[in-house]
Structures are given as structure tokens and as C-alpha cells.
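Enquirer: Residue numbers (our numbering), protein chains in the order written: chain A, 1029 to 1251; chain B, 2 to 52; chain C, 799 to 1019.
Fair warning: there could be bad hints in the mix.
[Stated by the list, open to error] Straight-line Cα separation of at most 20 Å, SDA-like style, residue types lysine to any residue; simulated pairs:
| no. | chain 1 | residue 1 | chain 2 | residue 2 |
| --- | --- | --- | --- | --- |
| 1 | B | LYS43 | C | THR906 |
| 2 | B | LYS43 | C | LEU1008 |
| 3 | B | LYS43 | C | SER1015 |
| 4 | A | LYS1032 | A | SER1118 |
Calculated directly from the structure, the hints in this document are not laboratory data.
Read off the chains here:
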Amino acid sequence: MVKKLYWMIAKDLLSECRSLRVWPAMLLLGVVVAMMFAMQADLPPERLRQIVGGLLWLTIFFAGTLALDRSFAAEREDGCWKGLLCYPISPTCVYLAKLAVNVVALAALECVLIPLFALLTDVPLLAHPGPIIAVAVLGDLGLAAVGTLLSAVANTGRQSSYLLPLLVLPAVVPLVLGAAEATRLAVEYDFGPAWWRWVQLLAGFAVVFITAGIVLFEFAVEE
Amino acid sequence: MLTFMTAYLVVWFAVLAYMVRLGGEQRRLRRAVEALQAQLEKQPPSRQRAA
Amino acid sequence: MLEPVNRLWPCVAAVMVTIAIAAIFLVAPTEQTMGDAQRIVYIHVSVAWMGLAMFVVMAVTGGMYLFRRDLAWDHWSQAALEIGWLCCGLTLVTGSLWAHAAWNIWWTWDPRLTTAFVLWAMYSAALVLRSGVEDPHRRARLGAIVAIVGALDVPLVIMATRWFRGIHPKSPHMEPSMRVALLISVFCFSAFFTTLLLLRRSQLRIADMLEDIECDSCSLS
């Protein structure tokens, strides 16, 4: 299974690197949304520190949804979806592969957005990179777990283009809250019980929804 | 008093609207069932026995 | 052919609602600080509880459909979705009016109201999803997945919002007669909405049967 997983991840990443279908648009959308938020949030530095976590994670969500929505688009548009399902590969493997690719996409987005927000708002997001990276990784896992599963659900009906944000956003409320608060506490160098509690919530969210994805994904892709 | 009346009016209006919708669906189903019963009665006895 | 619930439901609904209204106006006294506006709480708590209960019903019956692949379970799920959406929407409206009466603000990020909003958004998304899928089994399958994801999410939402806003305000002290009125109101509205649930589920079942009969007669002719 590990070999098949590796093959699927490599296939999707290589395909994206060659075609550049989604990632440029996702990065551009992220930059534009970040600029708009920064433009509107013309506040004193101490107020900005309190809200920068929320603005950052909302930007990651809106731009990242583009990548999540297109998780299965390549196979479906090129008529390869049935072929993939006929291939001797378990739905779990397909789900984990798509999840990994989405995590990489979100990580790439954060590599651009976190320094950009630090620059635009003058908030020291990169002063302690370790905690910020930990929060980002857990947030990416949770968002990709929910987004990959719901992308498979959304991309079957007529309204796939606008349905995914509608499905994902309510589901990731605890994740966005947790990541925003953990980022705010990290920026304020407060790594006490409150920060650990939020990190545990993010980890719990990721574990619960990766498990749910593994169990439910085969029902989502049944023909 | 105004707040309380507004709340109750909104609740009852929403519930009534849903009940009207259910009532409309009920009528549609009743008509469909009656049409089906009429169709069944028109069928010759041999087809009815087979059914 | 139409089930007894279809004939009895108007009577049951009317009786339950009458009892609830009588309890709210005759049993419950007028509150000292808020006056009559406080009576919103009797209906707010009732619809809030039903909104959450319908979500649990939707998730459980959705799970049963995935297990059994019997559309009868999906009829329960869809009926619960509609009633739950209605109740959650009413929770938000009555909660907002209550917040204005109590604290002079139209909205508060109280954990309960926030949870109600997230539930309502998930219900709405499920309704939009279902409206776009024509095949009944596919619709049932996808609806079940969304319901289960939502059900897993609700405890996390409650935890996150409680930590975000600190300890939520304790419920105010209620007179015994107020508690009695609240219990009667919750019971009667629960019975009322459960009657609507049974009726809607029965309608979905009959519509499904009619569709099967029409399909069979088309294939025969």
C-alpha cells in the first residue's frame, strides 16, 4: 500500500507541477485576499496582534478551498475517474494520497502567506517559527482531512463549484478558531496551558477527521 | 412586549409556512394515489389479477 | 393507503401547541427585570433542543442507511434535516431577539448561539447538496456522509467556542413555576415537531413508493 500511496502522491504532484492548473491561482488568490485584509485592518500594533491569526487562517481557508475543490477535478474532467476506481487500489489509499497532496498545497500557500502577513502587518509571526509551523501543520492536516472528504461529496452534484465552501466552512469553525487563537498566543509569546489546549484541539480535530475520512471516503466515491 | 410579540410572530409564521408546504405535498400525494387507484380500476380483470 | 399519522397530525399539533401556549402565558409568571420579553426563552429553549436532537437523528439514520442501504432510513434523515433546519433557524432568530431584550445587542458569540449557527449552516449545506443530486441512493449516501461529519464536528465546536469565550454565562435562577412552564413548553414543542417529523417521513415514503410504481409501469408498457 505504501508503494501505491507514494505513486499516487508523486503522480498528482508531478501533474500539478507540469500543468500548473491550480496552485498559481490558489497562491494569487491568497495574496489578493491577504492584501485586502491588511488594507482594511489599519489598526494599532497591539490590536493587530490580536486579530492577525484570524485574518491569516481565513485567508488560508479561502485560498486553500480552491486546491481542495480541484482535488478530484483532473481525473473527473479527463475521464480517468472510473479508471482509477478500477485500478487495484483501495479507496483509503486514494483518500490518503489526495490528503497528502492537499497538505503540500496548503503548506506551499502558507510559505507565501505567513511572511506576507508578517510584512504587511508588522506582526512578528516569524520570530518564533517553531510554534507557528506546528500550528500550521496541524491546521493543514485538519483542513485537508475535511476538505478532501467533502470535495469528493461535493463534486458529484450539479453545483460543485459553490458547494464545497458551503460544506467545509461550518465544519472547520473549531479548526479556524483554534488555529487563530494558537497563532495569536504564539505571536504574544504565551505558550502556557491555553496555547497547549488549542494545539490539542487542532490535533484532535485532525485525528478525528482523518479517521472519518478513511472510513467514509469509499461511500463518497461509490458509483 | 414588542420584542416578545416579534419573536412569537416570526416563529409562528415560519412554522405555518412549513405546515402549508407539508399540506401542499399531502394534497399532491393524495391526488397521485387517487389517480393510481383510478388507473388500477380501469385495467381489465386479468391484468389486475396478474398485478 | 395514507397512514393514520396523516389524519391525526393536525389534531395532535393543535393540542400540543395550545398546551404550550397556555403554560407560557398562564403558568409562567412575569419576570421582574425583563418583563414579558423573558417569555421568549420558553420557545427559544424548545426549538434549540429540537434543532440539536434532529441533527442527532439525521446522523444516526444516515449512518443506518450506509449500513443497511435501505432508503427508509434516508426518509427519516431527510425529514429530520428539514425540521432541524427550521428549528435551528428559529433558534438564531429568537436568540437574537432575546439578546437584544436582555443585553441590548442583536448578537453575541455565546457558545450556544455559535453552535446553533454552525448547525444551521451545516443543515443549509446539506439541503443544498441534496437538491442537486437526483439519484435517490446517491443522495442518501452523500447526505449521510455530511450528517456524520457534522455530528463529529458539533462537540468540537462546543469545546472551541467555550474556550474562546471563557466560561459562558450561567443560566439565570428560575422560579419553580417558570421551570414547570419551561418543561411543559419543551415537551409540547418536542411532541409538535416530532409529529411534523413523522408526517414528513410518511410523505417521503409514499412519494418514493409512487415513484417506484411509476417506474415499474413505464418499464412494463
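Enquirer: Enumerate the violated hints, using their earlier numbering and listing them in ascending order.
Expert: 1
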